[in-house]
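Student: Dock chain to chain to rebuild the complex, using the hints, since each chain is given by itself in its own frame.
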Amino acid sequence: MTRYLKLSAVAVAALAAGPAWAEFPNDDNITFVIPYGPGGGFDTIVRTYAPALEEALGATVVPENIPGASGTRGGQAVYRANPDGYTIGIFNIPGLTVSEATERDIGFPLGEITWIANLAEEQYAIAVKTDSPIQSVADLCATGQPIKLSDTGVDSTSSITAVISFDILDCPIVNVTGYGGSNDTMIAVMRGEVDATLKPIGSLAKYVESGDLRYIFTLTDSTAIEGVESAADIGHPELAKFTINRVVGGPPNMPADVVTALSDALKVATESAPVQEWASGTGTSLSYLPADATTAKMGDLSTFYAQYKGLLAPK
Amino acid sequence: MGFETLFSAVVELFVGGSILYLLAGVMLGLCFGVIPGLGGTTALALLIPVTYGMDSLDAMYLAGGVMGATSFGGSITAILLNTPGTAPNAATCFDGYPLAQQGKAGLAIGASAAASALGGLIGLFTLLAFIPIAKQVVLTFGPAEFFLLTILGLAAIAVSVRGKLLRGLIAGGVGLIFAFVGSDLISGDIRFTADVDYLWDGIPLVPTLTGMFAIGQMMELALKGGSVAKEGVGSAALTKISGVGAGVWSVFVNWPTLLRGSVIGTVIGAIPGLGGTVASFLAYSSTVQTDRDPDSFGKGNIKGVIAPESANNAKDGGALIPTVAFGIPGSAETALFLAILVLHGMDPGPSILLYNEREIYGLIVALTASAVGASLIGLMLSRWLLLITRIDVGFIVPVVVAISLTGVYVLDGRMADVLLTVVMGLLGYLMIRFDYPRLTLVIALVLGETAERSFHQVQMISDGQALNFMLARPVSVLLLIAIVVTFLLPIGRKALTTRRNRAVSQP
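Residue numbers (our numbering), protein chains in the order written: chain A, 1 to 315; chain B, 316 to 822.
In isolation and in its complexed conformation, chain B is listed as follows (with noise of 0.2 Å):
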């Protein structure tokens, strides 16, 4: 293992100056991540001709100190607009909104804060521990895995909407249909695209997800009016804000949580083209359903703010497993970071550890003192930043509509992205108005296409018997067991209560 170059990439950084990038890319982050529709993709997109003239390894600190803070400052803006910052932020939503409702973001971005940190902290020593053996994970995990791992995935969404079954599966529905725009991945045909050949790379993430989120949510502030702390809830509380340092404290003292967010996206964020936004609600649908009192969340249960934040910065390190095994990308920002070596004049390939160990193990660092230096500077910033919660939001809504639909607009510079997030932020207000869940139309979206893609390749590789290839899998025994387990659980815990309850009322 390359302790030494770890050890070096460390001195060089604190040493050559080399700070000073990582200081800009974390800046840059929290603020790419604050911006609903910016996100790391976005950043590192447009930093990579930037990085062009650097030394890699100064490219790989600013490219770390962005992929690290962004989840932290998506989850700023997740807590206090109810609108994520970046697509992963999304299940951070559901409780860290109502607590900022409840005039206790502080408490939210407290716990926000540090669980990012230890989630990326746990990701890392993961990714540390793995590296010995990622060959033989990654190699474990073929399409029949990927396949069963979306299952598992839209398994626990429709379990997740609590007595709202239907609505959920139909927002779930529209957002699998929505994934099969564009061309079959397979076949190469063209489908459901209406002769618009802006479709033919089917619906696009970030415009559904900033349309949904952003522009959906500015729609019900707009006219619903006031500020986003409810008048005279804790009014007395708020012109002393605080809540920060127990926040922080409630990490610690919730640590099954935090373990279990952190594992959820070190797993999921190493499965290419699942990434941080289904491991962050994998994240929070398994701690709501192993908990003891699910009711509570949605209402504002610190433990729905730290499971997903854990487990959307955990997720890097598990996207690096097989990009230091084999070279290839676990995440669109590994993608991206992947781009910046060939543009220095490298190949990534399975020799990457070999060859490109400085600049691995640079980003590694980079992305630990990322993580832990974007939560130090959100703290610092947090007493100005809960200010917002109490601004009239008139004053809110068209500063983040302007930003964010330009944010749509700078990727890839097409008016359509933009008309895109205006319609879907239409749809987005229409679902809040209806009591539908967003953001399991969003999971199956981003579901949907891996699921249909490997899919047809375990039908291929098997030829056609589906079932007993995958059954001679260990890997995917197991996942179709956590498949039936997840569907099991709710109605099993349903008949207990039931019991339980004619328990209590026959004597």
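The shape of chain A in the complex, shown without the other chains (with noise of 0.2 Å):
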């Protein structure tokens, strides 16, 4: 027992001594939580960026998949680290943020996350059937009858769009919900056994390259697509606030240098080929924000969710 004792405030002293010899990021594995299982979206944005970050680091970086729980159990696990910069996250933006807005116990307080880095940002876009006779926003609003939405669940950042932002155009939906993925929603569309629906524009693309799908609106403050209406066109650009990010963040107050550190070297992996190269490959829009912009932004949704509160919150 005593042995252990004394092995254990060897183990305290080293603890305690760490930073005082070793710089940022030389002591330790460098942790990248992943809050869902392997092959999500999640999962293969840190994946690509942990070569290009070691790099730029010079330390190894080990992600790991923490999932369960919509998300939060990862985060929990970020948020209860040593902010010593050794353990990092992907968060789930805005799904944590509408989670905090409409008061649902995440487990631990957003506003506390330190916020490292925003790596990319995708917008939104309503596509309907190839041949349907629906061609705009004005058109799907005057079918006389709520319009049938796809998604796959009630707190999916998209369903949360789409509700807040026909509520914008004062147009009735009833969202149909509870589709295994994304693509299982558009193939709904295909079906027709709903209208529409309103997905990131990168998981669009392909069903409208395949002439499955076509667009007839874009969320976004500026013709995004050619010969598409976006949201500035019918005089609602605030609905190009309607994004979804990835964003790393770490334990709550953790030193300005280390932030500095991580910030910069996820800039330079942002920039290097291979990451370039998955994005082109993937349609995934990359948008390096640095530490402060991050968190401006951060706070910007916390704000622009909260005001929807009513709308969202479980009825």
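Derived from the structure by calculation, the hints contain no laboratory data.
Below are the BS3-like pairs computed for lysine-lysine, each with C-alpha atoms no more than 25 Å apart in a straight line:
#1 Lys809/B x Lys479/B
#2 Lys148/A x Lys450/B
#3 Lys450/B x Lys129/A
#4 Lys148/A x Lys129/A
#5 Lys309/A x Lys241/A
#6 Lys267/A x Lys241/A
Residues of chain B clear of chain A, computed beta-carbon distances all greater than 12 Å:
#7 Ala473
#8 Arg482
#9 Met534
#10 Val578
#11 Leu734
#12 Thr812
Ideal Cβ positions, reconstructed from N, Cα and C, are used throughout, including at glycine.
Tutor: Encoded structure:
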């Protein structure tokens, strides 16, 4: 027993003394937490970035999947870690932002997370079946009955976007949720059981290219796709606020120099050839933001979604 | 069609040394299959990060090797220890284990090997035949059809438990209750979780199944003692282990069973969310229902091994139908296969056959080679495997318990999964003791979620006119008829036997 006590005393002393002699990131591996299982969008972006980040930092980066409870379990693990820069994670934004706005318990205060960088940002569009007579959002809203849309779950970001944006457009919808994945929601449009679907442009692109679906609208503040109406065109540029982000953060109160080191390394990684190549192959829109801009954006998003609390609260 | 691609995938497999990846996949698949708690999805999930640095085609060979081999590996444990190695092998226990107890494990393993290989081949040929019309096939099955298929599955459960209808219904009901724990997929409400956030995502299948079958069965074995093959039963025959050849041959003799199992496997495999457990169970129960002597099942009828084993390999071919059509997964394994493509910088979608033809055909070739290869390897090892049934269970129980609990922990690294496995193990043991069917509970757990979700969807899509909506869809009408027939068949047969008995006794 005394032996263990001595050992742990030595360990504690070593840990306490650690920062005194070593400089970030040289004395440990960096754990990059993915709050979902292997193979999803979050997993892929982290695993693609990991080698480039290793090169930029000169340290080993170990991606670790901590799935469960809609991405909150992984977020909690990052929140509770030491704020030494050796544990960082990717966050489900704005999924967690919305959960917090609707006062759902996510197990940690999102506002306390140290934001390090924004890696990618995706905007939304609405698509219908190629041979559908509907040409615009105005047509869609003029069918005389609530529009049927398809989605994965009510708390998915695209579903939240659909509910709020059609409310802004004053156009009633029935959001048919429960589809297995975003591909299934697009197939539901092809089968004709729903009228349209609102999804990230990158996901819809594949089906538009294959001739199965057709864009009618983009939630952007300028023309994003030639010949397709944008939110600005119909006088609702605020719809461009709806995005899906891949944001990297760490535990609360990380030292500023560590944040800068990580944030700079992520910038280098974003610009590296393998990451750029992967992004163009998969239709991912990379959009790097440094730590301060990311923090400001997260604050903005919280305020933005808080206004729609009433619409989003579980009925 | 991509015959050239198919051909070049075959050539590359043998020329480029890629066959080593396939072999590694097969061996890994067999091991993960044999071990309760570990299955094809675990193996693939663990492999995903490893494939990152590989050529995408080699990654396909590795994945295909694993996918094709696990279900045969799992049947070995099912037959020898009454513990399915993977979920889809649960139905194989019904007749495989009684055969092992009678000292005829060789026969069962031979049949399982041949049925797995041939079922896999039939499934893949069906897939190749369906590639040109895969899109139409996928578009024919919407929420209405998914809902009716789950009802058909539940109906098959209800009538399959012969002579124990009430117990079967109770077990099925408990399974449905379990299925509804967690967040409601439509409304997002959290239900029945007792404030435990582990339950937000529902009661997971793998710990439930491993607990029910592996842990429950080990408790039963430990308390009984002895060895699996009963003392004295054909001990002379056991000393010279045989019957494997006869088992292989039995598959060819019972070709209608093989064919039915494979067709059911392919069709169910193509439906996302149902998967191999339901496929093999439906193959088993339909074989029992249509057999001239249904009472011989559960006591060591070889057809009871052939049907589920052909179905659970054929389902891999079926599960690829939605994949080649739209780049969507038909099973948990194909979801991970698509994840491997994404990790290699590809973006699976409706044009998957256009852009990823090389990988798709590579996977098909790997699956074909693996289904046959795993069975051959299994047959070579069967001499030694059979000895397991003669070892004192005192040696088997601790090993199986330790390995299965570790397996459950490995998948997500959650201690709560291990705890759930132990709880389900106790429940499983009680169900064995009091003679309640465990598979019924598990199938209901699998089907409950899809049933609930697609019912809600049909309600929304049809503006509350669900029945009218279904009656306007030809495939739905066919499924409705199938459900009615499933219920009427046993009643009809009973009436027939009563009349026949009366006719015999009267004159």
